[in-house]
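Chains A and B are the protein sequences, given in the same order.
Reminder that position 27 of the first sequence reads as 27 in my numbering, one-by-one numbering, no gaps.
Quick note: to get my numbering, add 242 to the position in the second sequence (first position is 1).
In case anyone wonders, no lab produced these hints; they're calculated from the structure.
The beta-carbon is built from N, C-alpha and C at its ideal position, and this holds for glycine as well.
Incorrect hints may have been included.
If you anchor each label on the Cβ, the simulated ranges turn out as follows [claimed, not checked]:
#1 His307/B / Pro35/A: 45 to 55 Å
#2 Ile115/A / Thr296/B: 20 to 30 Å
#3 Ile340/B / Thr16/A: 40 to 50 Å
#4 Glu100/A / Pro281/B: 21 to 31 Å
#5 Ile340/B / Gly96/A: 46 to 56 Å
#6 Val332/B / Glu69/A: 42 to 52 Å
#7 Arg202/A / Cys293/B: 31 to 41 Å
#8 Gly346/B / Arg202/A: 38 to 48 Å
#9 Glu100/A / Cys318/B: 35 to 45 Å
#10 Thr330/B / Glu100/A: 12 to 22 Å
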Amino acid sequence: MTARAPATRIEWRLATVVDALPETPSTRTLRLDVPGWPGHRAGQHVDVRLTAQDGYQAERSYSIASAPEDDKLALTVERLDDGEVSPYLTEELRAGDKLELRGPIGGYFVWDVPIGGPLFLVGGGSGIVPLMAMIRHRNSCLAAGDREARKKLPARLLYSSRGWDEVIYRDELAALAAKDPTLEVVHTLTRNPPDGWTGFHRRIDRAMLDEVAWPASDNPRVFVCGPTPLVEAVASTLVDPV
Amino acid sequence: MKKTTKQSRARSAAGDRPVDSLRLDGNAAAGMLREVFVPDLTAGRAKCAGCGTTRSIGALHVYSHGMGMVVRCPACDGVVLRVARTPTRVWLDARGAISIVISGEN
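The shape of chain A in the complex, shown without the other chains (with noise of 0.2 Å):
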């Protein structure tokens, strides 16, 4: 595991662009060379900072989806096409380009192997990231082969996308899933499920967490995140907040 760094006051670096991969048509990879970088947690997220030529600024939170452990900082990005920071991140941005950055981010919204499980996580869209820096967490920290260690840490993932071409991460997924039986991966489509689906097709629902979730006396570890009405809903649904 990956020292915590000590607490200090946050500023402004500048980060490297190794290289920028496609996730789905409107989402790409980033993976960042940052001097200086003090390590993060799983969850935890940057600012993003861009200035014009006028001087003009745009500040936006994007999360970090590599795992403490990977060697490069990866935040994945998902293009809006109204925004006016993520057009230039996903379309502009080219390797050996500079990127000005600040985190790690959060400490509320954060998860590593000490915690515990079973981890319950579930995400819409690019809510997915920051639930991705954390199902790539438990898998470096647990050795392949060491069974009984996932064994102790279930994890379980519920993944709503509105089509099969939109979910991010899904050939990594189901890569994991396949190698490890402690680690579920379930997706349901919103609006344009591929010929022969036969997940669920709907937003997720009281119905879907009864069916998906741990119940509470195995007290799970929950982690939702997604845009404002999912995550409000969800959370409503499952939990009383801590």
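Following the hints, position chain B against chain A.
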């Protein structure tokens, strides 16, 4: 109502949405709060001066605007914190919180 757990943590994914009048949660205020405080405040707990409810700051509601953020209590909608940034200063108004408790660990 069936509750599955009391260990849930939630976060809105704002991405590149226009921030005016956008309701998020306390995690969205984390970066700006780090300009004022060295420790992360979002895992800390604030007691609302309006209704006395205590919640993690990450679980409060945040209304973000160009210059700053208004952090409200999800129970009574009262203002708990206001943070604003001018070109030269960061303003924090915390009179809506009776107390803010943060971890004393590093």
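So, going through the hints one by one against the coordinates:
1. His307/B / Pro35/A: 45 to 55 Å: Because 33 Å falls outside the window, the suggested range is violated.
2. Ile115/A / Thr296/B: 20 to 30 Å: holds, 21 Å
3. Ile340/B / Thr16/A: 40 to 50 Å: holds, 45 Å
4. Glu100/A / Pro281/B: 21 to 31 Å: Holds, since glutamate 100/A and proline 281/B (Cβ atoms, about 24 Å apart) stay within the stated range.
5. Ile340/B / Gly96/A: 46 to 56 Å: For glycine 96/A against isoleucine 340/B, whose Cβ atoms are near 51 Å apart, the range 46 to 56 Å holds.
6. Val332/B / Glu69/A: 42 to 52 Å: Between valine 332/B and glutamate 69/A, where Cβ atoms are some 34 Å apart, the hint is violated.
7. Arg202/A / Cys293/B: 31 to 41 Å: holds, 35 Å
8. Gly346/B / Arg202/A: 38 to 48 Å: holds, 46 Å
9. Glu100/A / Cys318/B: 35 to 45 Å: For cysteine 318/B against glutamate 100/A, whose Cβ atoms are near 38 Å apart, the range 35 to 45 Å holds.
10. Thr330/B / Glu100/A: 12 to 22 Å: holds, 20 Å
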